[in-house]
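*Asks:* Sequence:
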Amino acid sequence: MLEHPKAFHPNYGKVERMMTMGNKQERLFQMGWLSAMIEGEGNISLTWSKNKNKKYVQLAPRVQITNSDKLVIEKVQEILKFLNVGCYIQEYREIYKVMICGMKRCNRLLWFIKDHMLGKKERAQLLYEYTEHRINNKQSYNEYDKNVFLKMRELNGKPITDVNKLKLLFEIKSSTTTRQTPNKG
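Residue numbers (numbering that gives the first Met the number 0): 0 to 184.
Read the hints as simulated data drawn from the structure, not as lab findings.
Keep in mind the model is a prediction, meaning the values are calculated, not measured.
Positions of the beta carbon are idealized from the N, C-alpha and C atoms, including for glycine.
Just so you know, not all the hints are guaranteed correct.
Derived Cβ-Cβ restraints for the label pairs, each shown as a range [to be verified]:
no. : residue 1 : residue 2 : range
1   : N22       : I159      : 41 to 49 Å
2   : D114      : R92       : 31 to 39 Å
3   : G156      : E131      : 23 to 31 Å
4   : N155      : Y55       : 19 to 27 Å
5   : E77       : L149      : 30 to 38 Å
Straight-line Cα separation of at most 27 Å, DSS-like style, residue types lysine-lysine; simulated pairs [stated by the list, open to error]:
no. : residue 1 : residue 2
6   : K120      : K145
7   : K80       : K103
8   : K137      : K113
9   : K157      : K113
10  : K157      : K49
11  : K137      : K150
12  : K120      : K74
13  : K49       : K96
14  : K51       : K103
15  : K69       : K96
16  : K103      : K49
17  : K150      : K103
With these hints in hand, go ahead and build the complete structure from the sequences.
*Replies:* Right under this line is the structure:
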């Protein structure tokens with residue numbers, strides 16, 4: 000009896016077929032190259048922002064690659080397009096930034112590259128698990144979200160040591176809080 004491997008991601012089979020359509024070694028090389036670019040010229044982070052009224056806070060995953068060589072940025076963009084991962088490109092004074100923002104985009108990218116990472120492997124794995132959690136559980140932020148945020152800050156060398164700032168950050172309602180409508184009676 001033949002057994003089929005379990006698909007770990009909704010597009011796993013599609014990408015495997017795409018990789019075998021061309022040169023599989025070349026595709027694996029490109030995955031490794033993209034991972035190396037993120038290792039050396041990139042950043043894996045979980046950012047937070049507040050709305051103007053400071054009533055809601057939002058945590059947002061981001062993977063970013065910065066480089067001054069336009070050809071390198073175009074190659075990154077080509078690989079991301081092949082992986083069907085959307086990105087934004089910013090240019091400022093001949094410095095280019097490729098930014099992958101959002102739960103689904105970061106989740107998809109990290110699924111492909113997390114096993115190729117070395118120095119930032121723990122960040123990639125943690126952010127991948129976090130995006131999986133948030134995609135599958137759309138509730139208000141809780142202790143888990145706070146702990147992941149703090150761990151990501153620590154891994155990126157920017158721990159929050161000010162207890163008051165930490166309290167302020169997580170006392171604000173999350174943007175995914177459901178609002179109740181008043182009874183009309």
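*Asks:* So, against the hints stated earlier in the document, which numbers end up violated here?
*Replies:* Violated: none.
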